[in-house]
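Start from the sequences, fold in the hints, and give me the full structure.
For the first sequence, my numbering begins at 276 and goes up steadily by one.
Note that these hints are calculated values from the structure, not bench results.
Some hints could be false.
[To be verified] Under the rule of at most 30 Å between Cα atoms (straight-line distance), these lysine-lysine pairs were calculated in the DSS-like manner:
id, residue 1, residue 2
1, Lys335, Lys636
2, Lys452, Lys518
3, Lys493, Lys518
4, Lys919, Lys929
5, Lys840, Lys462
6, Lys820, Lys734
7, Lys535, Lys372
[Unchecked claim] Label-pair ranges, simulated between beta-carbon atoms:
id, residue 1, residue 2, range
8, Pro909, Pro1072, 44 to 50 Å
9, Lys1116, Glu441, 37 to 43 Å
10, Phe1069, Val1193, 55 to 61 Å
11, Glu663, Gly346, 43 to 49 Å
Ideal placement from N, C-alpha and C gives every residue a C-beta, glycine not left out.
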Amino acid sequence: MIAPMPNQSTAPALTPNDHLILVDGSTFIFRAYHALPPLTRKPDGLPVGAVSGFCNMLWKMIQQGPTKEPGDEATHFAVIFDKSGDTFRNEIYPDYKGHRPDAPEDLIPQFGLIREATRAFGVPALEQQGYEADDLIATYARQAAACGARVTIVSGDKDLMQLVNERIGMVDTMKNKLIGPEEVFEKFGVTPDKVVEVQSLAGDSVDNVPGVPGIGLKTAALLINEFGTLETLLEQADTIKQKKRRENLIEFADQARISKQLVQLKEDVPVEVPLEDLSIVDVDGPSALGFLKAMGFTTLTRKVAEITATDAEAIEPADVPIVGWEPATPSEDIPADKLGATGGNDGNTAWTPSALVEAKKAEITSISIDSSAYEMISDATSLKAWIEEIHEIGHVAVDTETSALNAMQADLVGVSLATRPGKACYIPLAHVEGEGDLLGGGDLVPGQLQMAEALEILKPMLEDPAILKIAQNMKYDWLVLSRYGIEMTPFDDTMLLSYVLDAGVGGNGMDELAERWLDHTPIPFKEVCGSGRNMITFDKVPLDKATAYAAEDADVTLRLWHILKPRLAAEGLAHVYERLERPMVDTLARMERRGVSVDRQMLSRLSGDFAQSAAAVESEIFELAGENFNIGSPKQLGEILFGKMGLPGGKKTKTGAWSTSASVLEDLAAQGHELPTKIVEWRQLSKLKSTYTDALPNYINPQTNRVHTSFSLAATTTGRLSSSEPNIQNIPIRTEAGRKIRKAFVADKGKKLISADYSQIELRVLAHMADIPQLKKAFAEDLDIHAMTASEMFGVPIEGMDPTVRRQAKAINFGIIYGISAFGLANQLGISRGEAGDYIKTYFKRFPGIQEYMEETKKFVHANGYVETIFGRRAHYPDVNTKNPNMRQFYERAAINAPIQGSAADIIRRAMVRMDAVLQQSHLDAQMLLQVHDELIFELPEDQVDETKKIVISTMEQATEPALTLSVPLKVEAKAANNWDEAH
DNA sequence: CCTGCCCCATA
DNA sequence: GTATGGGGCAGGA
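Structure (structure tokens):
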């Protein structure tokens, strides 16, 4: 024990910077086999579904590490398999794992293939006679941890949780969940070092570990926490108060000791392959491709070829040995095309598992949706029965019905709940007799629970950390209930699930999702409340009708959740949902609830000013035109300009009308015509008046005296937010007149506004993603990026640069972000398409990495139908392969732009999700109010300005950490003032 | 009264 | 050239 092992050198095998990933082969096989639809190889029908899933998982694990976070990749890697045959445990206890059913027939030949696959990828495939995979994993993990290295065990086997500590983590690919000491404690009720003791008491029916009868996980944890170890407990068993428990502990003491030997992993297996030999080498392209081609996995073949820079065409399929399977003699009456894999399913459907979804969909839709079958709840006893069932199930779909569409003004009218498909109820709370008007009515409909009483019953459940609340557009329900003192947690949102999975595929509204996934048309809102003039509020809807409508919504939401949630892990998008999407729900809800102060008097004065100026311009226009007409009508205006006055009409709109857009009018103005100038001036004034100074005051909430916008999380394809009612993301800033409107966004008395915005975030993201040395250097040195571009392109010095040259470079930089075209650039700069094309050529010559990025992105979107941001968010372009060249190029430009715009959106989301907690920790009272894509606006006590600025800037600049460190710095500028204009 | 179109505000 | 939301007009219900 004391003498060092003879073959152990003094230098540790691994260093603290190393990361060892140990994959439990059985877990991967089990997951790949059961989670995926069966798949067979063409043309011989060899079952390869599990092999395909395994290869995909292995490849992803090698490329991205367990969390997909960059920097999480392994330096050392192995897949550990169970060797067939008995182990030392069967000698101790012959029945160990005696209940194991035989492997399914179509899995048998795949065991060998999976080992082949592992080796083909250049990864050690380890197994050792007499030991289970877990023992090998334990041995390697302890050895590596002893060197100070980090270890990640990839397995779904809870027996391995005994190994977890601060160096050794686990990841369960089934649940896509990281397991550390905390999670282990959650599961076993004890710290990882006591897991074995608990398991020896509780036993395990799956592995046929006997344990002590009558003692389960909970009791075992209780006892171990009290006595410390199994041995102490067994020795002092006679002191146990409970009679039966005492007797069992005494009688089955030896059985418990045997169990411990079964459960305790062997951490000193004399391993045949030394730890240092697990160090990872780059995937051997030809070897991996040979195997993949032999299996017929075309999509993965392409991916691997791309990443390993290997020409797949040149690789011959490997000669893979197949054990345990014989091809069936093709029968005459089975057409050839029915043999083997179905079209398009090459195994990579593992990650877009349409067949799996179909199965889930079939299961959920097999229970019919009958809106007349829902329960209406009108007494506390029935409600409590539902709550009880919810606690048994652990989740519930929730939908609130309200008296308005705007969450800030909506009063609660009722709540619906769904516990399983087809089982839903509605709790009416504030329905009133219809026709409530001056003549009477408006009284509460009888037979409803008291609002206060119902909420008192619901609140503990809605805030219970053990109950998952599910809603479609949770932000709405969260906001409404928060105004009744209920802050729901934890929750899922089916709208956001759909958005993360399918952004760009279609809408994410409930009606659309119900059609897409459930082949069902929910009762239209119009049918219940009417529309337009005759629309009634939901509190006027009769109870029976309301129950059918409201409960159906909860039912549909729950069904959608059952179908969409499993896709998240299967498609590798759990991280995006959990870190960038779901936490935004309450972050945004709080911002919306806070609102922003808007100076009504100032807007009203401005409105008058704009009206006066517009009237003055209007009479000039009529004078010049020689007649009165509606300037706001593009049609009438076109007739005046291009018909009556005979000006050279430039462009036509797509419906064939004359275009009177600002750019056309400015062209005419440049030719010396006065009227178009006046038109542009008039348009600006009337736009500012109607859209801003007139409309904004109507959004001031009478209760709070503030304006509460609504942010939409799922409106854009790229991941940006949108804002509406009112849209605060398009408040003017560019013109002097427009900026006056910004001045009306003010801080309350004693407070200031801070505006903090990212400088050039999209160009920085691009510099990082496309890896452009000159751009990265310029950002690192905080240079003027447009001047640098101009200097690089035209060879002029930055000092004393002609502003026109810089302007052109700036336009090109923006053009790049937008997926540049000569046509667009020419329009922007007012130059010919030829000249614009030359500029682009020059640019690409100077920055070849950008052109490469663009070409790669186009290739990617054509092959996959989507593109990804740096945090893995996907934007789908299902129609990108259209034959229409204009459309196709449009989608290509959008696909080039989406990762840039979307990554920037991800970054600010990360900052926002963290911001409230960071401010709180710093004991600052600043409140985040608004987001405008690259800018955050806060309101705060004026004596906290300096400290808040510091915290805000650092939180925003560090937003990618620790998940990702960009190769360029992020820069944030922040300013405080009494109003938004001066703060910007 | 609803819808599509045009135009325009922002990043 | 990317991404939005919204106002006013005009035509068809």
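Hinted pair lysine 493 and lysine 518, Cα distance within 30 Å: Satisfied, since the Cα-Cα distance of roughly 18 Å is no more than 30 Å.
Holds or violated: are the alpha carbons of lysine 335 and lysine 636 at most 30 Å from each other? holds (27 Å)
Is 55 to 61 Å right for how far apart the beta carbons of phenylalanine 1069 and valine 1193 are? violated (44 Å)
Would you check the hint for lysine 840 and lysine 462, treating anything up to 30 Å between C-alpha atoms as holding? holds (22 Å)
Just to be sure I understand the hint, the distance between the Cβ atoms of proline 909 and proline 1072 should be within 44 to 50 Å; is that true here? Holds - the Cβ-Cβ distance for proline 909 and proline 1072, about 46 Å, lies within 44 to 50 Å.
Can you confirm whether the C-alpha distance between lysine 919 and lysine 929 stays at or below 30 Å? Judged against 30 Å, a Cα distance of about 22 Å means the pair holds.
Satisfaction of hint between lysine 518 and lysine 452, Cα-Cα up to 30 Å: violated (40 Å)
Is it true that the CA of lysine 820 sits at most 30 Å from the CA of lysine 734? Holds. Lysine 820 to lysine 734 sits at ~26 Å (cutoff 30 Å).
For glutamate 663 and glycine 346, compare the CB-CB distance with the range 43 to 49 Å and indicate the outcome. At 46 Å between Cβs, range holds.
For the pair lysine 1116 and glutamate 441, does the Cβ-Cβ distance stay inside 37 to 43 Å? For glutamate 441 against lysine 1116, whose Cβ atoms are near 55 Å apart, the range 37 to 43 Å is violated.
For a C-alpha distance cap of 30 Å, please report whether lysine 535 and lysine 372 respect it. holds (14 Å)
Consistency with the previously given hints fails for numbers 2, 9, 10, ordered from lowest to highest.
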